[in-house]
Structures are given as C-alpha cells and as structure tokens.
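Student: Here is what each chain is made of, one letter per residue.
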Amino acid sequence: MTVVGRTLKAMEVDTRILGMVGALLVIWLAFHIWTGGLFITPRNLFNLSVQTASVAVMACSMVLIIVARHIDLSVGSLLGFLAMFMGVVQTEWLPDLFGGAEGPAFGHAWIWVVTLLAGIAMGALIGALQGYIIGFLAVPAFIVTLGGLLVWRGAAWWITTGQTISPLDANFRWLGGGAEGSLYLWPSWIVGIFTCAAICFSIWWARRERRRFDFPQKPLWAEYTIAATLSALVIAFVATMTSYQVPSRAAERVYALRGWEVPEDGVHLVFGIAIPVLILGIIAVVMTILARRTRFGRYVFAMGGNPDAAQLAGINTKRMTLWIFVIMGVLCAISAAIASARLASADNAVGTLDELRVIAAAVIGGTSLSGGRGTIFGAILGALVMQSLQSGMAMVGVDAPMQNIVIGIVLVLAVYVDQLYRRRTED
Amino acid sequence: MNGADPLVEMRDIHVAFGGVQAVDGVSIDLYPGEVVGLLGHNGAGKSTLIKVLSGAYQSRSGEIYVQGRKAEIHNPRDARKYNIETIYQTLALADNLDAAANLFLGREIRQRNGLLDEVRMEAEARQILKRLNPNFTKFHQPVASLSGGQRQAVAIARAVYFEAKILIMDEPTAALGVEETRMVADLIQQLKREGIGIFLISHDIHDVFDLADRLTVMKNGKLVGTVRTQDVTQDEVLGMIILGKMPEGAAQKADA
Ligand SMILES: Nc1ncnc2c1ncn2[C@@H]1O[C@H](COP(=O)(O)OP(=O)(O)OP(=O)(O)O)[C@@H](O)[C@H]1O
Ligand SMILES: [Mg+2]
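These protein sequences, in sequence, are chains F and D. Heads up, the first sequence is in our numbering, so the first residue is 1 and it goes up one at a time. Heads up, the second sequence is in our numbering, so the first residue is 1 and it goes up one at a time.
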C-alpha cells in the first residue's frame, strides 16, 4: 500500500467521497480554464450554491427512498403542485385572512411562515397518501409515483387553470436567496464558526465514546487532520461567499428594507451564505443524523439490505414506508418554496424533470438502486456535480440539448466507475 | 419435567401456500430444559411450522400455548414478547449492516437522547461473539463480507443474547466447521441446563441424536410422530423420515 493509501486508511476517510470531490474539482478547473477565469469566482460559486439547493434538498430524502428499495418519480410534479399551492395561499388566502375589514394585508409579516407550514403539511399529506398505497396496499412505488407524476402536474395546472402566480410575498422570496435572502457578513461567519465548532465537538465526542469501552482509536494526528481539513473547507466556503459584493442598487434596497443606517461613504454589502443554502445545510445535518444515528434510519437501511430480515426482526415495514414518503413530501414542500421564491413567481411548470435530476444526484452520489446503500452527503455532492456541469456548459455556450446529452452520459459513466471501484475494494 | 406445564404447545397447526398444504394439522410440544429435534426430508414443512411460532406466518386454525396460557402471536414482535428467539435457516441478516447492527436489529440500545448507542452495542456484540467464535474480528464490515460460518455466528448470537426462554434453531450448524459445530453443541447443552427449551432442526441425524431428548418427525406437512430419543435407533428414525411410519413397538405418542 502506498503512503497516501496508508494515511487515508488510518484516517478512515471514505475514498469514494474523496474521489467525487476530486471529480468536482476537475470539473471546476476545466470550466475555469475554458471560460477564461470566470468559473471559480465568488459570484459564480454563490450562484452555483443557490441553484443546487432545491434539487439537493429533495435528494436528501430520495436517498432514504432508494435505500429502502423504493423510488419516487413524482417529486418534480409534486414540487410544481406545492409551489402553486403555496403561491395561492400566500397571494390569495392569507392576505384576506390577515387583512380583515381594511382589505387584504399583502406583505403581512406572518404570511411566509404560515405559507411554508401549509405547504409542508400538504406535502406530508400527499406523501402519506402515496406511502400508504405503496406500503399498505402493496402497489409498487414505481407505479404509484409514476401515477403521481401525472396527477400532481395536472393538479398544479388546476389550481389556477394554468395562470402564473406573481409576484410572490416579499418575505417569502427570501427563501430563494438573492440580495434580500442572504446572511451577509457577520451572520455568515457566525454560522461558519459554529459549524467548525460542531465538527470539532463531534470528533471529540466520538473519540470519548470509543474510549468508554477501550475500543481501538484512530491515531490522534488523523483526528486533527480531519478536523482541520473540514474546518478549512467551511472557512474557505464562508470566505468565498462573503467576498461576493451585492451590487450597489440592490444593496441600497436592502438597507432601506431593513431600516439600516446608511454610512457616509455609501453602502457596502456582501452576500454571504444564501438562505436556501443555509436551509440545505440544516436539512443535510438533520437527515444525516436521522439516517445514521436513529432507529428509523437503521430500519430504512435494514429494509434495503434484506426486507425479509427486517420484517422478521419485528420492524413494521409498511409503516416505515409510509413515513419515508411523508419525509419526501415535506422536503418537496421546502424545495418548492426555495424554487418558486427564487423565480419570485409560481407557474405550473416549476420542477419539470426535477425527478430525474434528484434521482441522478442520489445515484451519482453513490446511492445503490438495488437498495441498502447511500449517503446524504454523497447525494448533495452529486447534485453539485450535476449543477456544475450544467452551469459550466451554459457559460461556455453549449446549447441545452447538448447539455442534456452530456449529463446523461456522465450519469451512466459515474455509476459505471462506481461499480468498478466497488468491485476492486470489496471482495 | 414430570407434571410441569409444557413451555410451548402448538396444537393442530395448518399453513397453506396457494394450494400446497405446507403444514397440515401438526401438534408439537416442548418442556423447559428440553431439546426437541424436528426431522423430515426437504420440504416436509419444518421451517414453516416453527415460523408460525416465531410469528412470521399465521396458522389457519389451532392454538399456541406458552407456559400453559394461550398465546396470541401475530407477528415477530409478539413472539419476542414471549421470549421466543429464532435462528432462521436463511439467517435473516441485513447484509449491508455490520454484526452489531444485525444483532440488535429491532431492539437497538439507545442513549438517553434517543440516538443509537452504537459503541455500547458494539461492545456487547464483541462480548457475545467472542463466546461463539473467538476468531471473529470483522466488527465494522457489513455482514455480506463475512464467511458463512461467521454469519451464522451472528445469527446465533442474536438469538442467545436476549435471554430466550424458547429457542428455535433451524439448521444452526449448516455452515459451521467441526470446531464451531462443537461449540454450538456445547452452547445447546449449557442453555438446556439453564432451563431453556429448544426446537432443533437439523439434517445431521447424529447431531440430533446426541442433543435431542425427543424427536418429532414430519413428512409432507403431516406429523409422523414423536418419540423419545432413548427409545429408538437411528435406523428406526430414518424409517420414520422416509416411510412416514412409526416404528413397531414405539409408543404411539411419547409424552416426556
Ligand atoms: N413462502 C412460501 N411460499 C410458497 N410455498 C412455500 C413457502 N415456504 C415454504 N413453501 C412450501 O412449503 C413446503 C414446506 O416448506 P418448508 O420450508 O417448511 O420445508 P422444510 O421442512 O423446512 O425443508 P428444508 O429441509 O428444505 O428446509 C414446501 O413444499 C415449500 O415449497
Ligand atoms: Mg427448512
């Protein structure tokens, strides 16, 4: 074994993930050179992060679905339906409800929260319906969600008979990022430093736990290297995001909106971490804990590894299936909020073909379609790889049909390489 | 055993798959500290019968009594509530999970905050597996990468760990080497002394003869009969298995 190999082994690093990060860097560098230095810039990376968020959020729970040997083809349509539903809730129902006698209260401070909660409830309900049919009535997920793909896209059209809903509530639009929907300078750094602290704490905690039973430990230098590398990545990310300047007109708008005092030498504002990216981060952490550290997640993986064994171990696989699809519905709602807020409008085509992007992200990220294997982090990386390819190709002027061809080929290639890798590392 | 209530009594069990009568009116019982060997050719219905007891299948008729009381076993969780543990012929392991995760599947140890206590589960798994297979070291690999015998050790550990009163072993040594088979035999003797009742299914008639107090033979889903091991020869039992007839002279029903 080489020195590098030994070092990685001591650190217990997942070399698959490392390979994906390497592939991502290669893609970034190639486009950076090709575009003459426009790709790896704060501006482009910020946009990339925002564009990735919506698909990545859904990919987080698509991993669980695929791990449990199901599939969900309805997420794109469901996203469209939920976007339209939330559009109507925030522009028609809630303003009237909150307004009372003086007429509709557009821009009411509570509209965005109530809208989001209504969307999440609706998403959970639809997820429960599909999950019930799959789990309890034993209709294959492929069929149920293929039906869902048609049903929810049609239903999205019915809500307004095809009319676009615009503009959306001003506060709601923050969920989509942009000048108003960012953390700016200090909050971004606070999030970054908090994340670093959390990384160090979790490494220390894991070590302490293993010491409780005198288990073999990783060498100390390995722990330090991992903590330092991850923290450096977080800091680099925050530094990049906070060096992207908000254009002065937009910055003035934000100052006015927030009622901040304008300094004498004019407004200076940086974007920092976008709200949708913050949402994605929180969801990624919650979903990872759910998948790896709870009974629920353990059972999802057991169902994927051997459904009969799961059942014989007393796991209620029907109810598990229902809940897995409820989670998918909830994340579809959050995704729908991000996607429509970014467009500042909702029309019944939002999310078209997203089911394929989400499934591809999960699969490129190492989720096995035969079930039992996959990681949340990998799926997010997969979404980022796909979005990087798409944005990069758009920047160098590759037209849309060609983009699809390339992404299609990359999907097949990624899975092939993954299988080669597995055949070599597992016996 | 004299006069005591049986630990388990299954009466008139029927299970059919489509048109096939896999188990057809079989009754069987088991006393504390006793090993009952369940014999029969391939497809005789042995696994199906014990899966009714472990909650995987439902009987169309008949009853199950545990320690003299009528038991309602509708799913594997119910069976576990009666301290019935099973080593399945297929082992029933989730191949993508490691040994500890399989051992505690469905009964995970949790920390006070509700999250899995993985370190504790690993420690327990190391302890019990050391007893069954001292060479067991692959604690962090998915069980798919273990040998057949190591996988069987995990399945046995799972049944033994949770303090069964009634233990069902469906071909527990099929994949084991000579030494490991002897360790399982020792384990069975030890569990017997602790008063646990064991249903042992095996095709190795010598093993069964050494370990079992009574033998129950099935053929084509039907009960051929139950005999005390000490009352019969191996040839007579082979006759029961192949011909489906009770040997001359053996009591028509041998009660323990
Ligand atoms: N899930 C099932 N679906 C349909 N038929 C089944 C099923 N399980 C068992 N059978 C049938 O029921 C009968 C009894 O099978 P069972 O597995 O109980 O036999 P066995 O005595 O355990 O055999 P072996 O010694 O090969 O393990 C067989 O004819 C088998 O084909
Ligand atoms: Mg069998």
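By construction, these hints were calculated from the structure, which means they are not laboratory data. Be careful, since some hints might not be right.
[Claimed, not checked] Derived DEER-like restraints, expressed as beta-carbon distance ranges: (1) D/Ser61 with F/Ile143: 44 to 52 Å; (2) D/Ala16 with F/Leu413: 21 to 29 Å; (3) D/Pro134 with F/Ala10: 41 to 49 Å; (4) D/Pro134 with F/Arg208: 44 to 52 Å; (5) F/Leu413 with D/Pro134: 30 to 38 Å; (6) D/Glu194 with F/Ile235: 52 to 60 Å; (7) D/Ile109 with F/Leu343: 44 to 52 Å; (8) D/Gly43 with F/Arg319: 28 to 36 Å.
As the structure is a computational prediction, the values presented were derived from the model and not from experiment. For each residue, glycine too, the CB sits at the ideal point set by N, CA and C.
Student: Tell me, in ascending order, the numbers of any earlier hints that this structure violates.
Tutor: 1, 2, 3, 4 and 5
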